[in-house]
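Novice: Sequence:
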Amino acid sequence: MYMGDWDERLPLADSWMEGLTPYVHDPEAFHSPALEDSHFGYALNSAVAGHTFTEFSSPASVVTFFDSRVLRADATASLDTMPTPPRYITRNTIAYLDGHVQDEITDQTPPADLYQESRTRLKRVALGMAMYGSDYDDRLPFAGKWMDQLSPYVTTANSFRSPAVELANPANYGFALNQGIASHSFAEFDNPATMISIFDSTLLNRNATGPTTTVPSPPRYGLNNTIAYLDGHVP
Numbered sequence: 044m045y046m047g048d049w050d051e052r053l054p055l056a057d058s059w060m061e062g063l064t065p066y067v068h069d070p071e072a073f074h075s076p077a078l079e080d081s082h083f084g085y086a087l088n089s090a091v092a093g094h095t096f097t098e099f100s101s102p103a104s105v106v107t108f109f110d111s112r113v114l115r116a117d118a119t120a121s122l123d124t125m126p127t128p129p130r131y132i133t134r135n136t137i138a139y140l141d142g143h144v145q146d147e148i149t150d151q152t153p154p155a156d157l158y159q160e161s162r163t164r165l166k167r168v169a170l171g172m173a174m175y176g177s178d179y180d181d182r183l184p185f186a187g188k189w190m191d192q193l194s195p196y197v198t199t200a201n202s203f204r205s206p207a208v209e210l211a212n213p214a215n216y217g218f219a220l221n222q223g224i225a226s227h228s229f230a231e232f233d234n235p236a237t238m239i240s241i242f243d244s245t246l247l248n249r250n251a252t253g254p255t256t257t258v259p260s261p262p263r264y265g266l267n268n269t270i271a272y273l274d275g276h277v278p
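Counting from 44, one number per residue, gives the positions in the sequence shown under our numbering.
The set of hints was computed from the structure by calculation and includes no laboratory data.
Owing to the predicted nature of the structure, the values given are computational and were not obtained by experimental measurement.
Please note: incorrect hints may appear among the correct ones.
Claimed, not checked - Pair by pair, the computed Cβ-Cβ distance ranges are:
| no. | residue 1 | residue 2 | range |
| --- | --- | --- | --- |
| 1 | Met46 | Ala173 | 16 to 26 Å |
| 2 | Gly62 | Asp274 | 28 to 38 Å |
| 3 | Ser100 | Asp274 | 34 to 44 Å |
| 4 | Phe96 | Thr255 | 39 to 49 Å |
By construction, the Cβ of each residue, glycine as well, lies at the ideal position given by its N, Cα and C atoms.
Between the sequences and the hints, there should be enough to build the whole structure, so can you do that?
Specialist: Written out as structure tokens, the structure reads:
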């Protein structure tokens, strides 16, 4: 409604609550219910503030408002201010530019489905790693830049994100490269079917590289973490 009155423009940074107040009849809507009444807890994504709706080609994937650690009124912040661990045990509340709120469509997603989606994503990445190796003298990608190096071979961008981690905070990733194989050659490993390459990790940054001891415990999907092996299989 606000954008309809203001030439498709999104509200401004640090004044968005005032801008939206005439359109939001319940003032409690600006308060995260998990917080005390004196705090707010929602932030406007700084990357969209003041822009026009038409600047974004995929509004269903653009975050507008979200649970944030910035608790003041009119908070405007980047997505990395989402609470970690999530405010609601397994997830944060996230609204998108097309108007949908993540929890409205994901509450019914069974953990088993998320695990299968995670396996599918990691299989794409493992295949991309094999293609990368064939172009670079059988060499594996480098620590701290492996996602960047594999991106030309993995055409689905969200494949680099653990779906469970993405659900809690779209700014995080959640897969890591095994530091024991980074920049080595495939030929150095006698039994690639038992050598872990990429895995669910508690390291959440892009291009995360670390030891396999950073796998989540308890596992991210009930009894399972997602793990890819050097031969490309994901059990």
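Novice: Could you run down the list of hints and mark each one as holding or not?
Specialist: Results for each hint:
{"no.": "1", "hint": "Met46 - Ala173: 16 to 26 Å", "result": "45 Å, violated"}
{"no.": "2", "hint": "Gly62 - Asp274: 28 to 38 Å", "result": "55 Å, violated"}
{"no.": "3", "hint": "Ser100 - Asp274: 34 to 44 Å", "result": "38 Å, holds"}
{"no.": "4", "hint": "Phe96 - Thr255: 39 to 49 Å", "result": "44 Å, holds"}
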